[in-house]
Every structure is written in C-alpha cells, then in structure tokens.
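Engineer: What follows is each chain in one-letter form.
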Amino acid sequence: MYMYDEIDRSLVDDRVSQFRDQVTRRMSGELSEDEFKPLRLMNGVYLQLHAYMLRAAIPYGTLSSEQMRKLAWIAKKYDRGYGHFTTRQNLQYNWPALEDLPDILAELASVQMHAMQTSGNCIRNVTADQFAGVAADEVVDPRIYAEIIRQWSTLHPEFTFLPRKFKIAVTGSQQDRAAVKVHDIGLIAKRDGDGKLGFEVIVGGGLGRTPFIGPTVREFLPEEHLLSYLEAVLRVYNQLGRRDNMYKARIKIQVHETGVESFTEMVEAEWAQIRATAVDLPAGEKERIAAFFSLPRYDIEDGSSGKLAEQKRDDLDFARWVDANIAPHKVSGYAIANISLKPIGGIPGDASSEQMDAVAALADRFSFSEIRVTHEQNLVLPHVREDNLYAVWQTLKSYDLHTPNLGHISDMIACPGMDYCALANARSIPVAQEISERFADLERQHDIGELKLKISGCINACGHHHVGHIGILGVDRKGEEYYQITLGGSGAEDASVGEIIGPAFPYASVVNAVEILVESYLDIRNEGERFLDTYRRVGKGPFKEALYGTD
Amino acid sequence: MALIKNREITEDSWVQLDDETPVPSEGGAIVSISRWRKDRVALSSRNAPIGVQLESDNGPEDVLDGLDRLDLIAVPFATFKDGRGYSTARLLRERHGFTGELRAVGNVLRDQLPLMERCGFDSFQYVGGTEALVALKAFKDIGAVYQTAADRRASAAALRNHPSQAFSNGTCG
Amino acid sequence: MTQQVLSANRLRDGIVVYLTRHNTWSELIATGEIVGSETGAADLLVRAQHAAAERVVVDPYLIEIAEIDGEIRPIKYREFIRATGPTIRPDLSKQNYLRDAKEAV
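Protein chains in written order, with the working numbering: chain A, 1 to 551; chain B, 1001 to 1173; chain C, 2001 to 2105.
The set of hints was computed from the structure by calculation and includes no laboratory data.
Among these hints, one or two may not hold up.
[To be verified] Restricting the straight-line Cα-Cα distance to at most 20 Å, the calculated cross-link-like pairs of lysine to aspartate or glutamate (EDC-like) are:
no.: 1; chain 1: A; residue 1: K76; chain 2: C; residue 2: D2091
no.: 2; chain 1: A; residue 1: K540; chain 2: A; residue 2: E515
no.: 3; chain 1: A; residue 1: K37; chain 2: C; residue 2: D2013
no.: 4; chain 1: A; residue 1: K544; chain 2: A; residue 2: D533
no.: 5; chain 1: A; residue 1: K37; chain 2: C; residue 2: D2059
no.: 6; chain 1: A; residue 1: K248; chain 2: B; residue 2: D1057
no.: 7; chain 1: B; residue 1: K1137; chain 2: A; residue 2: D14
no.: 8; chain 1: C; residue 1: K2076; chain 2: A; residue 2: D476
All values derive from a computational prediction rather than experimental measurement.
Using the sequences and the hints given, assemble the complete structure.
Structural biologist: Here you go:
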C-alpha cells in the first residue's frame, strides 16, 4: 500500500499545525463559529446530536494493521471505545472533544493518516473496490488511480469552495463493488481494442433528495489524461454549478439541468485546453505510485493443500462461513476473507477497540498486515492463504466477528440515524437490529440468498437506501418515526434507483413489512433468482399487494 | 480592512469609482465591469492605471476584450464559501496571460489567503477577524503542494521525478 | 405557550448542555431552566448568545418540553435522544436524566 514520503508527511503535519492554530483561534474568539465551521469541516469535524464527530479518512478503504491499531487506540483514549465504519470507507468517532482534536489528528498523522476533506464542499475521500489488487476479475488495481486522485484533490487551491461536496469512486472491474454509478464522478477502468488502459467516465450520479444513476460522459479516457479530465469537470462545476440552493447544488443537478450533451461539450471544450499541460502527472510518478500496489510475496505451493475442504467437512459452522464470506482471489491458494461487522442484532458497521485490535493482529499474522474497509460497512483481509482460513475464523469467533452473512439480509447498511445524527428524522439502527433478529436463523438467510437491505434515517441517504434491493427511508410523520420502503434498487454495475412501494410504515410494523416482502419473494421466485431478479421480473405489483392488500 | 499585496500590508494606491464619478486624470482607478464595457475605449486611453471589478457571476470571458490594457482586475467573493473566483483567477493568469494586479475583494478572510495566492491573486482586501499582520502568516500554512497552479510552485510529483526541472511551465492551458 | 428549555453544545468538548437558572450549563436536562412565556424564552436566548460569544457554548436553541410527573421531557423525540443518549447504547446514556439532579447544578 502507499507509503508517504517526506512531502506527503510534511503536508499532513502542516495541516495538523494549521488546524491546531484554527482551534486556538476559535477558542480565543478570533474566529467565529461561522468562520470556523467550514475550516473544521474540511478536517472532518462535525457538530452532531450528542457531541462532535470526527470522520477519519481511510483512502480507498485500505488500512495497515498499524493504522488499525492506532484507530483502536484513539477510540480508547479519546472516545468511548468504539468507531463506526461508513459507506465511504471512512471511520467515525462520535465523542471527541474539540480541544483534543489537534492531538487526535497528530496521532493519525503519526501513522500516515488524516481527516482532511472528509467533509465540506470539497473533493472527499476517493473510494474504490474493496477487493482491489486481489479481485479475480480486475483490469487494473483501481487504488493506483485512487491515490493519484487523492493527491491531486488534496488542498486543491481552485476546488476548495465548491458549490457542494464532491465524491469520486473508482472500480477496476466490470463488477462494481464501489457503486461508481451513484457518485459525482465514477470511473470504470477498461482496456480499448488495442489493450490500452483507460476509464469510462461517469458524471452526475448521486443519491440523496434527487437520486440519479450517473450518465457516461466519456466512454474511454486514456489513463494518462485522468487528472486533466477531472480538472475540466471540476472547473465546469466550480464555475457554473448552482450556488443558490444547497439542495440543488450537486453536480448531478447541473448535469441534469444542463443536459448530458451540453454538459459534456463544456467539459470536453475545457479539457481540450488543458490536456497538454502540467495538470497530468509527469513521467515516472504514476509508475512510482503503482509500485506500492504490487502484490505481497505470496507463499505459493503447488495448488491447494486440500486442508480447507477437510476442515469444512469437520466443522459445519466454519464451512458456512467460508461459503458465505470468502470471495475468489486472483491467486490460486489464496482467499479474500470478508469480516462481517453485522452480528445478529448488532449495530451495523460499529467496531470496538478490542475488535479493531483483533483484526489488526489477524492481518499481521495472516494478511501481510493489510485490511480493507468496504462501503457496505464490513472489513476484509485480502491476502489470506486458504490453509489459514480456519485459524482466522476461530479468532473471529471470539470477537463476534464471524457472522457468515455477507450479502445476506442481515448484512445491512444502516446510517447512524437519529440515535447519533442531527439531520435524521428517524432512527435506523434499532430497525436494522430488529430485522437482523427477525432473520437470525442463518439457514433461512442462506435460503433467501443475496438481499441487500439498506436503511437511511433521512433523505440525505447516507445509508444508500435508494440502491437497496430493499431500501428503507426513515421519515417524520407528525413527530412519529415512519419508514418508507423502496424496492429494486442496485448500486452495482446494474445500477437502478429503488421504487417507492406504498405508504410508509410506523416503527412498530416496519419489520413485519420486511418479512412479508421476503416471504412474497420466496413464494414467487424462480430457481436461481435473487430478490432483485424476482422484483425486476414481476414488478412491484405482487409485493404491493402482499403489503397493502388489493384496493 | 487592510490591503495585502505581495504578502505585505500596504497602502492602497487605487481608488474605487462608482459609475457616476468622473475618472480622475491621475492615479489608479477601478471601475465596475459594466462601466468598463460601456466606456472601454475612453478608459483605455487613460494615462494612468485602470482596473476593473468583476461581479460574482462574471468569468474570465467577460473581461477578455481589452484585457491587455487592464492593470488590475478585482475578483469579488460575496461570501468566502463562493469558490468561483479561484477559477476566474487561475484562468486569467494561466490561460489568458494576465500579468497585472489580481485582487481578491469581498469576504476575504485569513484561511483563504494561501489558496487564493496559489490561484494567482497577488493582492487581497483583507477583512478577517485576525489582525492583518498576524494573518500574513497564513501564506506559510502549507509547504508542499500536490498540484500545479498559477503560482508555479513545484508540485510534489515534479519534485519527486524531475527535481532539476522543478520550476516547469506549470500552466493550465 | 408550550414550556421550553434552552439547549446547546459545549464548545470545548461538544457535549450537550442545558441552561440552568443559575446561568450555568448542565449536562442534565432535569436542571434546565423552564420558561413559559415569550419574554422568558427571549431572555434564555440572550443569556445563551452571550455564552456563545464568550466561547462557552455553540449553537444554542430553545426546545419544547413538558413536565410529566415532575420530570422534564422534550416533546420532540430527537430532543429526547439528545437529552438521554443513543437509544441503542444504554451504557452511553445519561443516567438519571429525568430525575431532579440538584447536585448536578
């Protein structure tokens, strides 16, 4: 993974000093809250329902065990012993004190981490496929380009005061595990007819109040022009994006209102002027960065030793975990181990300091000290020898990290919701917990198969409900918590926005509603159909009828 | 308000004129963009420096006619959160070759100074709460930079890969 | 007019606090000063804004409450959660939030 050099380190250290000074000026009154707010936001510091919240950046979801241990330590020392992994592969602390934040940022800097630009109207953390580098179906490791974009976008002097936040995601596979089509810019790595590497560029996807699947603005952008093209898009947005209404200020609105063709023309015209200039990386820099992402020295024997199959036979719980949570690896004899942060009845995406330390230790022993964070709020050990999976699983068990539910209904995304977030209209976590308990039976979950359920506590859609196979949106109805259900959304390469199924359900009955939907699916599905497939085949009719009856 | 120019606090040698006031015969005068458009020929023939103040929704294209005659362009920031001026400044410097004084006016506060300078501003009508002399320290807030910009500072990538050519022609076209 | 108390976040650590009649800031809503008139509410705001200017608190605002069985209960559920802590983490909730915690003042 990428290692800072002197320049990277100095930049992060300077940033810590700058923030320390800003906090001092805030405490002394030199800076008003109005002036301080955008500055603290650009260091990932929110003021939330109960306290400040710090969002630490985990660039493209890649972490070393040392970094994970530091995150665990910060949680213990400065927070309340836990953190929350988010839908943008970051980590949130819910209880840091403002006066401690400069020290916390200094601690992060000591392990090459930061919280820069995880909030504010600037370019945010660039996210990527959590299986980058080891995915069997990958064209190129997208993290190389995510790192290139990270550097280009960090403290970019021209794009620090955009009309609104800006989110970029990169995938190196056609199978989209990074939800690129619902980002402000989505990049899909591909090769042209001559084998040359480039990107399909998608601009104007997004969730929130007005969900859009992003249109393709350029089918193929040669990889060496990535930065100049991004600069062109950002410049067109910075100059002409709406600034009159914060709910209409994302680039998706600009693309939609301008029209994809006109918007593309503007971008291409701007790009024509800058493509030959020094925006793009000089020779050697891409190679320098790419070298950090080569595979570790795997210990390959001739084929698999067969131990895994035997261990599965001897331990059915282990077998179930392998079948659910292990993803195919590029290298034969190795495995991608998905660690569920969704124990039955647990808080999705939360991890205690102890759990973080345990994962770090496992990474050291079994995954070349590398960990990934997924946008679906789980963790990954990307470099595990098949022979070691049993040892990994046994340790995971003692930390309640062994739930074999990847992609199943209890593997939910849930935003923090009204339990933590000042923006929320309803709680999301208890709904997630109750649904998880309702479907606690792992056999039943396995039978249901892949079902991506996503819960947001408000229209800002941080829980990605629009792209849930089942989506749940918390709303406020005369002071009561109600939940609107959408069906048929997908954040993958077959991206679609879910459809509202009918009137919202009160808190007391939303879990029943979900169960009815699942039962309906089981009744009408064809062989091999996931929930999403059945929905796409039959439409909302049967589900609506099951929930609301015929009228 | 303090005028910062070239990282120092200086007296303002320019006067800002409303659209009715006749242009004096001497001294630097800044007029509105609409006045510049109406009277450009007459104003251009002045034997003294002439400047124009843009409006918030003006871009560089609004001032290209007669650009070579302008000695100062003032770019407004109605609120410090409005980032359009940063693009305007960069394009005026890097694409259109403007070499006169590029002044940031409006809600110009301390923490934006180094970003503005990187985009090509060389003077600032500073109104922040921090005392101006202290605010000058802001220019040193961040040492290393990742991107090329109007200030032509060597980017990290340039330093890493071609240290001898660190001061390349970093332009944006 | 519905009864109100005033809430804010403490600047230095972000913790939710309520303005008491002694003009101190308490973490327990039970000790918040209750007002039932426009002038009373305006007075709380003035005092809170003064505290904000003095960098004690940030983002002060009034919340509607009802006194039920001698306890102060926010009317809005969000404010209830804000006063008591995340509902899914009872270990992190404020103890005795509804009871009259005189010793907290």
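Engineer: Could you tell me which of the hints above the structure violates, numbers in ascending order?
Structural biologist: Nothing - there is no hint that the structure violates, so all of them hold.
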